[in-house]
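Following the hints, complete the assembly by docking chain B onto the known chain A.
For the record, the sequence lines run as chains A and B. If you're matching positions, the first sequence starts at 17 in the numbering used here and goes up one per residue. If you're matching positions, the second sequence starts at 2 in the numbering used here and goes up one per residue.
Note that these hints are calculated values from the structure, not bench results. These figures come from a predicted structure and were not determined experimentally. The reader is advised that the hints may include incorrect statements.
Stated by the list, open to error - Listed next, the in silico DSSO-like pairs over lysine-lysine satisfying Cα-Cα at most 30 Å (straight line): (1) B:LYS224 / A:LYS67; (2) A:LYS536 / B:LYS34; (3) B:LYS65 / B:LYS126; (4) A:LYS536 / B:LYS244; (5) A:LYS118 / B:LYS34.
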Amino acid sequence: MSEVNPEIPLEAERQEMAVDIACVGFGPAMGGFLTTLTREMTSDGAALESKAVPGMPLQVLCYERADDIAAGVSGVVTAAKAIRASFPELASAEIPMMAPVKLEKVLYLLDPIGASRRSMTLRAGDAAIRTFRGMLPVKDDALELPYTPAFLQKHNGLVMSIGQFNQWVGGELMASGVAQVWPGTPVSTALFEGNSVVGVRLSDQGVDRAGNPEAGYMAGMDVRAALTVVGDGPVGAVGQSIDRKLGMPDGHARHEWAVGMKMVVELPEDTPLEAGTVWHTFGFPEPEIFGFLYVYPDRLASVGIFVPSWLGNPGRSSYRYLQHFLQHPYLWRYLNGSTLRSWGAKSLQESGANGEPFLAGDGYARIGEGSGSTNMLTGSGVDEAWATGVQLGEAVAEMLRAGKEFTRENIEATYVRRRRESFVEQGAQVAKEARNGFHTGVVSGLIGMALAGLTNGKFSVGAKIRPAHQQIEPLKEFYSQRLSAEQLEKATRDAAAGGRTLHDALMDACGWPEIVYDGKLLVSHQDALLMGGKVQAAGGFADHVRFRDAKLCAACAERTCIAMCSGQAITQGDEAVPAFDREKCVHCGACLWNCKQSPDGKNSNIEFKAGAGGLHSAEN
Amino acid sequence: MTNSFHIVVCASTVPDPLQTLEPVTGPAGPTLKNEMMLPAVLDPWAACALYEAAALAAKHTGSKVWLVSLGPKAKLQQVMMTVAQKVPFELVAIDGPLGGFTDAHSTAAALAETIAAIPGLDCGKLLLFGGWESASRGAGVTMQVVGERLGIADQFQGVDQINVKEDGSFEILERVEGGKHQVSECAGAPAVLGWATGNLAEPPNRPQVGMANMRGVMPAIQKAKSVKLDANGLSYASVALPKQQRETRVVRDMPEDEIAREIVAWIAE
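If we strip away everything but chain A, and leave its shape as in the complex, we get (with noise of 0.2 Å):
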């Protein structure tokens, strides 16, 4: 009898299915995987037959959350060298939106408002920019550096839409017939047998919210496979299952994350901007907030932000920030008259190697953002993604055609290996303490980042970061000097009454404009998720999004859940918990660790669970 997780009942109903490997998540880490594997079986399949279904060829399976391999991921500026070495006629391959880089640039950003919470250091610097601009490349509130530090450079890289891209790979994998992808599919847990995983199990359908069967009921299936490949992602369930299963190496923990949220415009007809024009800043709308924007062919762009944990402010809302970071006069006067065509958000995991996970196990790899393998110095992670899969792929190639079993010792000698041989693993290191500095302030950390980037990972700035529940400020505390008593309160109240969200009428307090809808690309979050998200959610699948322990919900000031739903899908509600509407939620998983609250002080009082739907829009 098999050991399964105590959290899953047994049910007579559920079914089973052998494969040989299982995969969870099609992002690029498992493009890199399955382009790698199904190659090597399409050169050498006599070797890798399968063992779960003798007489066949191996069976691979992968399963991916959303409803379109397209959906639900980003664009991306990357060096592409592991993908270009997988694919060397990439740029000829017509995938649409993509473009070579031609100009990269990076920009500090002034306040024009007055409202962003600067430091008196930033402050005094700013001033100085003011007062210096006619000898410096000061424009439109801005300061052009002289140049772009060379571990930021994505010179000879691409830009490029993922959901393209993935649309492009999962057709040339599918070509292959040796693989199968199977979108709209999520995975609920890894399964296990002691400390070994021997598969995953599919997300119940025919529930309602909480999980209780109803009409159409059918248990997920338990598929069972020698290897799981789990690439699912930084909030992915799997990974969270094998996490809460094993625990992290001795140091690791994920307390740093960010929401990376963005849109795509389609620039005015008269712009200037070329394709390939890669601009990276930093300064607005807070210091801490890093933004971008990249040209695709066709008049399209990206542009967006980051929304660090390290940015305490409680009432945080990324949607809100964006609005005013498309205004800043730097990038408003290319984007006045633009049109919003896609709009999207994703949870980004921040502690790079300091939240590698075990990497390896019994039965089960690990690859991409949820193995720790993206570089939050370069602000590079697909390209390491890619690498992670193509190196696994290569591994079980290997060990399949040694009869090798996948233990972890296996793993870890083939896949493991490589990957720590590897550029991944050399960045890593060097990024590994890069953003430190950030946690003690806005100037120490990009202190910290330029002398890790400088001196190859040598030196940088020490701290000490908490849990990212821990990193969110009380609400009373992180307004004193900004805001009367009086103001806060009323805030409050008007938020609990149901009228304005919290977070709003704390930036209207804080002195931030009203944004006045211009019904193209200012418009209201509401009209961003239908016109530019369109987010769906099949019926029958259970909530994924759980609040453990509904009295500290109950206390909670701050509600930065809320603030920071990219896709208001948590609202305040008539009850102690917040409300969630799973048919408006985009899966960015910002609500994981935009909890303040914790009910065992390790982990928030939210649960990111498995579940179908999300975004739809493949121009991302």
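This is chain B only, laid out in the frame that chain A set:
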């Protein structure tokens, strides 16, 4: 029940209706901007027909479902990733252009020719299913012409239900005005049924069904016959999407009665 059917479902791919669609004029006439980069789905009306076909086949032992789909191979492949997990079928793929602005008669001719050539298909048991509309561009005649070309005289459109009787005849509910159904009796197969939404919920994803379907799907796509669809003199004077009206206002503290009055006034316009 001993009645068995050979059910052929005609269902093409359309761009996911949630995408931003923008008609443009291409070298061969109207098209959708960047249509090949948009994720595709099985035409929702035809998808209902497919689910009804599978449910009917499951009730009548010995029945079989074929899914005949015309579209670019890449799109068919993409759509099969989601559809193949739903219900069992055998795919018959036709490699052709995206279907939004093709001539319905040419499309019907290609479909009819392909259906007639399906090995083992018994026309005496044939139920030809499809959507009575399309999310892409409903010509409103494709299914009828396919039926005519296959010599099927009994045709029903806007179907929501079929009840098969012991003697092999069946009762069909077609949508008519006022939310009512017209009830027709049909002596038996062959017949054409252009489905409205039917009464079935979208089936859940079943991994075993997907595995079984996929064994035939990829070979079917690989050997798909390529067709060119003649325009037959068809031309479009203009193409436009239904106009969206979006007049967002943010109004705080508005009384519920006032909101209701405004909505009623808006509906009455």
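Evaluation of the provided hints:
1. B:LYS224 / A:LYS67: holds (29 Å)
2. A:LYS536 / B:LYS34: holds (19 Å)
3. B:LYS65 / B:LYS126: The hint holds at about 10 Å.
4. A:LYS536 / B:LYS244: Holds - the C-alpha atoms of LYS244 (chain B) and LYS536 (chain A) are around 15 Å apart, at most 30 Å.
5. A:LYS118 / B:LYS34: Holds: LYS118 (chain A) and LYS34 (chain B) sit about 26 Å apart, inside 30 Å.
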